[in-house]
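K.L.:
Single-letter residue listing:
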Amino acid sequence: MDETTCIVRNTWNFSRFYHHESCGQCSPCREGTGWLEKVLHRLEHGHGSLHDIDLLVSVAKQIEGNTICPLGEAAAWPVAAAVRHFRDEFEWHVKHPQEATRPGAVYPGKAVLA
Amino acid sequence: MAKITFDGIEVEVPDGTTILNAARTIGGGIVPPAMCYYTPLKGSGGKCRACLVRVAAGSTKDPRPMPKLVASCITPVQDGMVVENTTSEQVLNVRKGIVEMLLINHPLDCPVCDQAGECDLQNFAFEHGVSTTRYEEERRTFEKIDIGPLIQLHMTRCILCYRCVYTADQLTPERVHGVLGRGDASEIGTYIENIIDNDFSGNVIDVCPVGALTDKTWRFKQRVWFTKPVNAHRDCPKCTGNVVLWYKGKDVLRITARKNEYGEVKEWICNECRFEKKETSDWTIEGPAHIDRTSVISANHYELPVINPQIIADLPESSVRDLEQNPPLKLGN
Ligand code: SF4
Ligand code: SF4
Ligand code: FES
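Chains A and B, in that order, give the protein sequences.
To convert, note that position 68 of the first sequence is 68 in the working numbering; the numbers rise steadily by one, no gaps.
To convert, note that position 223 of the second sequence is 223 in the working numbering; the numbers rise steadily by one, no gaps.
Next up, chain A with everything else stripped away, as it sits in the complex (with noise of 0.2 angstroms):
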């Protein structure tokens, strides 16, 4: 993982992990750990608008706290960050899907940083 990786593919990478991982005893993790990957995976996959953002950090913010066991706030903090450290990337997928999808995209805003 550098600079040039997606974020939010990576994103939706760890949260796809923990959609599958969730044992399915309590509601918030096994409702909010799935519905969490299909946003991103829409967001990813340049289907996403920006109110899907703020839905991920609101649903994010329901799991963590809620659950029985640690994998709700695992599931939940990594989306959390994603989204309150690189939310221009996040933005950079709803506002020009097709250049984010394009593969082996990389987001413009990074070579600024390097």
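Derived from the structure by calculation, the hints contain no laboratory data.
No residue lacks a Cβ here, since even glycine has one placed at the ideal position from N, Cα and C.
One should not assume that every hint holds.
[As the list claims (entries may be wrong)] FRET-style restraints, in silico, Cβ to Cβ:
no.: 1; chain 1: A; residue 1: Arg84; chain 2: B; residue 2: Thr133; range: 24 to 34 angstroms
no.: 2; chain 1: B; residue 1: Val130; chain 2: A; residue 2: Gln98; range: 45 to 55 angstroms
no.: 3; chain 1: B; residue 1: Gly8; chain 2: A; residue 2: Glu99; range: 49 to 59 angstroms
no.: 4; chain 1: B; residue 1: Lys216; chain 2: A; residue 2: Glu99; range: 31 to 41 angstroms
no.: 5; chain 1: A; residue 1: Ile68; chain 2: B; residue 2: Gly249; range: 26 to 36 angstroms
no.: 6; chain 1: A; residue 1: Phe17; chain 2: B; residue 2: Cys236; range: 24 to 34 angstroms
no.: 7; chain 1: B; residue 1: Met66; chain 2: A; residue 2: Val106; range: 43 to 53 angstroms
no.: 8; chain 1: A; residue 1: Phe17; chain 2: B; residue 2: Gly43; range: 23 to 33 angstroms
no.: 9; chain 1: A; residue 1: Ile68; chain 2: B; residue 2: Pro316; range: 35 to 45 angstroms
no.: 10; chain 1: B; residue 1: Pro173; chain 2: A; residue 2: Arg87; range: 54 to 64 angstroms
[Stated by the list, open to error] Think about it this way: if two alpha-carbon atoms lie no more than 20 angstroms apart in a straight line, the pair counts; the simulated PhoX-like pairs of lysine-lysine are:
no.: 11; chain 1: A; residue 1: Lys61; chain 2: B; residue 2: Lys248
no.: 12; chain 1: B; residue 1: Lys238; chain 2: B; residue 2: Lys221
no.: 13; chain 1: B; residue 1: Lys228; chain 2: B; residue 2: Lys259
no.: 14; chain 1: B; residue 1: Lys68; chain 2: A; residue 2: Lys61
no.: 15; chain 1: A; residue 1: Lys61; chain 2: A; residue 2: Lys38
no.: 16; chain 1: B; residue 1: Lys248; chain 2: B; residue 2: Lys221
Start from chain A and add chain B with the ligands according to the hints.
P.N.:
What follows is chain B with the ligands alone, placed relative to chain A:
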């Protein structure tokens, strides 16, 4: 004994009581909702997170607040504990979130669901949820499965409270009913669609808070609010024989166990009483059954939950006045 303060009301309960049961001794609108906890079933609770409350002070010895909200149905009280339920904005918001989570994959087919009118999820969503959804994806669905000739499982409606699993485990000698899979792909199943075949299997219908497990002899016969519940008993060699008959006109459409005000079965009944004795002549009638909940069954006689009069008598005058002005609560009869 441990003395705790729940939403500003002091109550003394035996050590080891859970916060939820302490709240239930107070009664009324301050009792946290419970979607998975079921008093008669050992080990139930802790799953749905509907009953989360904030512990503002852990105990007299260690009065720090607990860092996270706790599930009141499985957390025992400590002497000097201070708990906030309806008085905490955070708890109420989290509960809205729980309703949303339970509903995102729920079909909400109440108009064709046999549970409608006595559904814990309807009540929970109505009392604690918001009326909109933010979920746009396709909902999870399953095929309907017959579990034997008398019970049907409609997994799409299941909220995975695990009550039926505990019932099958604790009431029947050979358990064939459990949870398969994990995460949001978990489903209640009877390995290779086995028939649950024993005398008490019908009780899974009563414990199910939603319309996931339904009585096949009753499916689509009538809406519950058009039927009249009547208490009756018979001499049954297998169970206590205390039941509720649900009448429409002269016909007994359905038979269930008696439930308390929190929807918990008082005495388990056997399948013979439940499925086979649908004639008035099989029963000794006791009189109309009282439906304790704020259910549509009690059409036009809605009852607000009432605080235990004993608790009120012990409260200082000023807090009683406060409580009276606090909408979800009603004092006395
Ligand atoms: S289980 Fe309850 S909420 Fe779900 S469809 Fe049936 S009545 Fe409606
Ligand atoms: S089938 Fe009913 S009782 Fe069983 S886990 Fe699902 S909702 Fe609970
Ligand atoms: S009733 Fe306490 S977690 Fe479900």
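K.L.:
Given the hint of 45 to 55 angstroms, check if Val130(B) and Gln98(A) actually sit that far apart at their C-beta atoms.
P.N.:
Between Val130(B) and Gln98(A), where Cβ atoms are some 35 angstroms apart, the hint is violated.
K.L.:
Between Ile68(A) and Gly249(B), does the C-beta distance stay in 26 to 36 angstroms?
P.N.:
violated, 47 angstroms
K.L.:
Is Lys248(B) within 20 angstroms of Lys221(B), Cα to Cα?
P.N.:
Judged against 20 angstroms, a Cα distance of about 10 angstroms means the pair holds.
K.L.:
Between Gly8(B) and Glu99(A), does the C-beta distance stay in 49 to 59 angstroms?
P.N.:
Given a distance of about 57 angstroms, which is inside 49 to 59 angstroms, the answer is holds.
K.L.:
Range first: 35 to 45 angstroms. Now tell me if the beta carbons of Ile68(A) and Pro316(B) are that far apart.
P.N.:
holds, 38 angstroms
K.L.:
Within a Cα-Cα threshold of 20 angstroms, do Lys238(B) and Lys221(B) meet the stated pairing?
P.N.:
Measuring from Cα to Cα gives roughly 27 angstroms; hence the hint is violated.
K.L.:
Return holds or violated for the Cβ distance of Phe17(A) and Gly43(B) against the range 23 to 33 angstroms.
P.N.:
holds, 29 angstroms
K.L.:
Do the alpha carbons of Lys61(A) and Lys248(B) lie within 20 angstroms of each other, as the hint requires?
P.N.:
violated, 47 angstroms
K.L.:
Is the hinted pair Lys68(B) and Lys61(A) satisfied, with a Cα-Cα distance of at most 20 angstroms?
P.N.:
Distance of about 13 angstroms is within 20 angstroms: holds.
K.L.:
Is the hinted range of 24 to 34 angstroms satisfied by the C-beta distance from Arg84(A) to Thr133(B)?
P.N.:
holds, 25 angstroms
K.L.:
Quick check on a hinted range of 43 to 53 angstroms for Met66(B) and Val106(A), using CB atoms only.
P.N.:
holds, 45 angstroms
K.L.:
Measuring from beta carbon to beta carbon, are Pro173(B) and Arg87(A) in 54 to 64 angstroms?
P.N.:
holds, 58 angstroms
Consistency note: the structure conflicts with the earlier hints numbered 2, 4, 5, 6, 11, 12.
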